[in-house]
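We have chain A; now place chain B onto it with these hints.
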Amino acid sequence: MDLSRRHFLEAGFGVGVAGSLGACASPGAMLGAPGMPDWHLGYKNAPPAGFDPSPMTLAFGAVPADLKGSFYRNGPAQMQYGDQYASHWFDGDGLIHRIAIEDGQAVHQARFAETKKRREEQAAGKFLSPGFGTLGDESYSVEDPDDVNAANTSVLVVNGELLALWEAGSAFAMDAETLETRGAKTWRDDLKGMPFLAHPKVEPDGRVWNLAVGGDRVGIYRIAKTGELEDFGMVNIGRAAYIHDWTMTDRHLIILVQPWVNENLRPPVVAGFEWQPQHGLQMLIVDKDDFTNQRWAQAPARMFFHTGSAWEESDGTIKFDVVLYREPVLGVGGGAAEIRGDWTEPGANENGILTQIVIPTQGDAKLIETGINGEFPQVDPRYRGQRRRLTALCTAPSRLRPGQTALTVHDWESGQSDTFNFGESRMVEEFLFVPKSGGSTEAESWLIGTVLNLNSKVSEVCVFDAARVSDGPVCIWQAAYSWPLGFHGTWA
Amino acid sequence: MTRTSHLIAVLSACIIAAPIASASELTVTVEGIAKQQGSIMLGLFDEATYNGDGAVNGANLTVEGTSVSVTFEGLEPGEYAVRLYHDVNDDGEMNSNPFGMPTEPYAFSNNAQGRFGPAKWEDAKFSVEADGTAHTITMN
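Chain order of the listed sequences is A and B.
Each residue of the first sequence is one higher than the last, beginning at 310 in this note's numbering.
Each residue of the second sequence is one higher than the last, beginning at 215 in this note's numbering.
The hints are simulated quantities; they were obtained by calculation from the structure and are not laboratory data.
Note that beta-carbon positions come from the ideal geometry of N, C-alpha and C, so glycine has one too.
Check the hints yourself; a few may be wrong.
When the alpha-carbon atoms are kept at most 20 Å apart in a straight line, the in silico SDA-like pairs for lysine to any residue are as follows [said to hold, decoys possible]:
hint: 1; chain 1: A; residue 1: K425; chain 2: B; residue 2: N354
hint: 2; chain 1: B; residue 1: K249; chain 2: A; residue 2: W496
hint: 3; chain 1: A; residue 1: K597; chain 2: A; residue 2: F541
hint: 4; chain 1: A; residue 1: K425; chain 2: A; residue 2: V451
hint: 5; chain 1: B; residue 1: K334; chain 2: B; residue 2: T263
hint: 6; chain 1: A; residue 1: K425; chain 2: B; residue 2: T263
hint: 7; chain 1: A; residue 1: K501; chain 2: B; residue 2: T263
hint: 8; chain 1: A; residue 1: K745; chain 2: A; residue 2: A674
hint: 9; chain 1: A; residue 1: K377; chain 2: A; residue 2: P362
hint: 10; chain 1: A; residue 1: K494; chain 2: B; residue 2: T263
hint: 11; chain 1: A; residue 1: K425; chain 2: B; residue 2: T317
hint: 12; chain 1: A; residue 1: K534; chain 2: A; residue 2: V511
A partial selection of chain B residues facing chain A, derived with a Cβ cut-off under 10 Å [as the list claims (entries may be wrong)]:
hint: 13; residue: V302
hint: 14; residue: G306
hint: 15; residue: G314
hint: 16; residue: E318
Pulled out of the complex, with its shape left as it was, chain A reads as follows (with noise of 0.2 Å):
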């Protein structure tokens, strides 16, 4: 990277447009709140009425020129009612943003999604739903999944419409530009309120594969890229494992089932989960045109979140990326203590660690570890459940406050890695592959993501090229305000 990247960025050149150029000596030195660390900035509430559209400013390099767009994220951002904070990070109302990028601008829009929950809580200026870690108010009624929707996890585009999405209940259509939420989405009748899993997967050719999860029982949505549910099947997994995210090929679905079991799903949700490393790693594989062709694969055990993406060797070898741990986490003290502003370094069991899975067609699947700690893995759209080579996912965890600090690129047929460190000034969120215009190749796209800049307290959108990640990004765009973390984007 070159001496010019790093110095905007240890400077914090462009933070006038905050007004506070001078405060932005060391980390931990400037406070977002009285008595709470400077990093609590990235667990404040969002304005009750979001953000109207914003031009951003760009404070640093060229914007190029093929980006255009429109980068949607969402991520709890409703933490605190009055001196009551909320009892988990999973469980603050979903806040749901639109960058729009043209002619090298960008604006940030963001609008709540306004769920039951939403409503009641805000209407009455306390937390009242149960959730992921809250028992909830006795008042407050609950006749389905969806009266507990934060619809606050990720986001989905399919044919036009904006979805906002959580894991155990409906997806929630907004208005792709003006955030305006539409209501709770029926795929058909008969599958009014089923959960709709916040990490579908969508083939290069638009089709969309998703879960919905309900204990044992898993569903199966195939969607047309027309927007129209193709088919909806049921499949068993054995038991009640936490599933919040799983992976494909072009023929199979491979269900990852986790010992990290929860037989009772009662409020707060998390109290629920038992650690049974017995079982292992399982991992259900259904063909994706019949169901009822399964067979399961066995690994030792590990807790995971978030996979990359699978594909299948000639042979029929699947291999797939993911972020493994040896033991649970955030459910179990994370996630409750950070919007507190209270935060202590994980233990390496702790660690996150980029790894691929090699489910051969008999035996015991194998771990190949990477090494690299890291989250929120990332691939090439045009290569979704295709032989692949990238992986992008935020690593290099800080040693002061929660998170991660640098964005890498790991290639995993010359097993080297490309990273660039924002240094500890900048909280760095999920980056998405965006194909560059006339490419073909993965390392031929855009990474944009977000981070959360300490110095200038101000949320930024940040462009890399894949190919060139150690050089730093090529643009960065400032807003002149700060948003809460989130959790996952998607381009449109």
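Only chain B this time, still in chain A's reference frame:
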């Protein structure tokens, strides 16, 4: 899913029990029906039957507008509760999704709402007076 199945079972129960000797009457009106088709399947319960499969009375009401109404005669004055569902496709069942959650609209007297199950008797009960009572339920 146990609780959900129970919810469907009790909502589906519209068994008409033997008439009880008395002179009071109850008129139940159901408003805010979204789809003008099918039937409102309505069960009237007392405390003893509320959590079981049997009802003290019931009615199947054809939906032609946004509201329906029924009058039960010969009721002993006292506390009652109503559970109902809208059998939109008229298949005689309260349909549910593969995880057992109802996919057809349902409601309880007092517009009571449940918490991980049907509304409680305490929330759904109302009095039928000796000189007659009218009770309105709004679908949402």
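Unsatisfied constraints (hint numbers, rising): 6, 7, 8, 10 and 14
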